[in-house]
Amino acid sequence: MEVLFCEDSKFAVEIMENKKTCPDLKHIVLIDASEDAITELHASYPEMHIISLEDLEKSGKSNLEIPEKESVPKYGSMMCYLPCAHMYEIINEVSTLFHGCQLGFYSGSTDTLLSDIAELKPVALPLVPKLMNLIYSKVQKKIEQNRLKRYLLYLSLHQKGKILQKGVVSKTTIWDKLVFSKIQKSLGDSIQLLYTSSAPVAKEVMQFFRCSMGCLVFEAYGLSEVGAATMTLMSEHDSGFVGPPLPCNHIKLISVPDMSYFAENDEGEICIKGANVFSGYFNNEEATAKAIDADGWFHTGDIGKWLPNGVLKVIDRKKHIFKLSQGEYIIPDKSESAYLGSHIVSQVYVDGYSDQEFLVGVIVPNTKAFLSWAKEEGFSGDIETLCQNKELKKAVLSMLWKVGKERDLTSLYQVGNIYITTEPFSQENGLLSPTMKLKRGVARKKFEEIFQKLYEEGKLA
Numbered sequence: 001m002e003v004l005f006c007e008d009s010k011f012a013v014e015i016m017e018n019k020k021t022c023p024d025l026k027h028i029v030l031i032d033a034s035e036d037a038i039t040e041l042h043a044s045y046p047e048m049h050i051i052s053l054e055d056l057e058k059s060g061k062s063n064l065e066i067p068e069k070e071s072v073p074k075y076g077s078m079m080c081y082l083p084c085a086h087m088y089e090i091i092n093e094v095s096t097l098f099h100g101c102q103l104g105f106y107s108g109s110t111d112t113l114l115s116d117i118a119e120l121k122p123v124a125l126p127l128v129p130k131l132m133n134l135i136y137s138k139v140q141k142k143i144e145q146n147r148l149k150r151y152l153l154y155l156s157l158h159q160k161g162k163i164l165q166k167g168v169v170s171k172t173t174i175w176d177k178l179v180f181s182k183i184q185k186s187l188g189d190s191i192q193l194l195y196t197s198s199a200p201v202a203k204e205v206m207q208f209f210r211c212s213m214g215c216l217v218f219e220a221y222g223l224s225e226v227g228a229a230t231m232t233l234m235s236e237h238d239s240g241f242v243g244p245p246l247p248c249n250h251i252k253l254i255s256v257p258d259m260s261y262f263a264e265n266d267e268g269e270i271c272i273k274g275a276n277v278f279s280g281y282f283n284n285e286e287a288t289a290k291a292i293d294a295d296g297w298f299h300t301g302d303i304g305k306w307l308p309n310g311v312l313k314v315i316d317r318k319k320h321i322f323k324l325s326q327g328e329y330i331i332p333d334k335s336e337s338a339y340l341g342s343h344i345v346s347q348v349y350v351d352g353y354s355d356q357e358f359l360v361g362v363i364v365p366n367t368k369a370f371l372s373w374a375k376e377e378g379f380s381g382d383i384e385t386l387c388q389n390k391e392l393k394k395a396v397l398s399m400l401w402k403v404g405k406e407r408d409l410t411s412l413y414q415v416g417n418i419y420i421t422t423e424p425f426s427q428e429n430g431l432l433s434p435t436m437k438l439k440r441g442v443a444r445k446k447f448e449e450i451f452q453k454l455y456e457e458g459k460l461a
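Counting with UniProt numbering, you get residues 1 to 461 for the letters of the sequence shown.
Mixed in with the good hints there might be a few duds.
Said to hold, decoys possible - With a straight-line Cα cutoff of 30 Å, these simulated DSSO-like cross-link-like pairs (lysine-lysine) come out: (1) Lys439 - Lys368; (2) Lys318 - Lys177; (3) Lys121 - Lys318; (4) Lys203 - Lys177; (5) Lys305 - Lys203; (6) Lys375 - Lys323; (7) Lys439 - Lys394; (8) Lys375 - Lys319; (9) Lys368 - Lys138; (10) Lys313 - Lys394; (11) Lys323 - Lys368; (12) Lys130 - Lys459; (13) Lys20 - Lys130; (14) Lys182 - Lys323; (15) Lys375 - Lys459; (16) Lys439 - Lys290; (17) Lys390 - Lys318; (18) Lys334 - Lys319; (19) Lys273 - Lys334; (20) Lys130 - Lys141; (21) Lys138 - Lys439; (22) Lys439 - Lys375; (23) Lys313 - Lys393; (24) Lys121 - Lys203; (25) Lys437 - Lys402; (26) Lys405 - Lys318; (27) Lys141 - Lys323; (28) Lys334 - Lys318; (29) Lys393 - Lys368; (30) Lys142 - Lys130; (31) Lys273 - Lys305.
Since the hints were made in silico from the structure, they are not lab data.
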């Protein structure tokens, strides 16, 4: 039993106290929860967010107010594959059901996700960087050894891009028939709407999806505490920004002098105020006071920039930053997002210390792609043996640097040494949150000794 619905909140508390008797239980849905019962449950979950159905409804409706009615699918289904606790997934489901469409859930294995999508034939597909990078890398892998196919793809992307700039979204061009129809069929050939949020996406990857899928593609920005806050418009076919504020909230930027971002330059920390902003962290007034100021503005910790056309671009993070010995701030998300563009990388964690001059990282390889790539590079052995091979590690570093340069990483943001492991980051080993985000504090403690050895080994790239 993974989900338990109960009306008696005291029974829910008893279940939580005896959770060992229900090892598979993941979710408890309280039909009528009392304050006392929630208080007891909160002892085990101190970071519980207070999100009401009204908050979700307003955020979900805002998503539907942006596209014109005729652009939104009136039938069909949306593919659900993200964690049910993820705010992005919750809002997607609310928006889909609000519009009268169906929800289709994947089989539970990421290994079969693409085949699940092809079988369901969804009309709407929410995207995350990992899935986008996977599809993009597969296409790149197929054409890298064939100069004609490579030229044809790049020509098609260029020509389709010019058509997009005229505001024409189509699946019937000659470039679709020659090249893109195969990609569209691999995802069910019924998609009318793509949207992405949760993390930045490389510009070339975003452009690939806009051109190849022949449908509307929206980029949004949001957080667990506010749901969706911005989304691109139908008329916007460029990448690199997340659109104007949604009708449900206001957004302002405040100066962050330590990072040289100033509001008078249209740069600063993104602050959000509106009906979709959460009430606070349950029973944690101190954390709530830090997040929401006296005027009701929620401080996101993200750094944004207003572009001349009035849209928001997320350019940096105030959270999760640190300094190397050179004294410059490092935002590890930039390096991680770039390296996920490699077809052999499944997961990556980048970190560094103020007394060291280079970054270190942990790489969890995509087993099948990693073994195939290693063989092409002249290495042999099982995956455990390969992960310990120093020469192969140097080859992986070389590939990561190449991928990083393609995505405009400076040398300061490139890792100097890495640890390759077959153990994925997961909720079971404590490295991922219920929303599948890396717990950096836990990860730093777990890999502290390994990082020390990497620094002792020195820079290999």
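Structure versus earlier hints - violations, ascending order: 2, 3, 6, 8, 10, 11, 13, 14, 17, 22, 23 and 27
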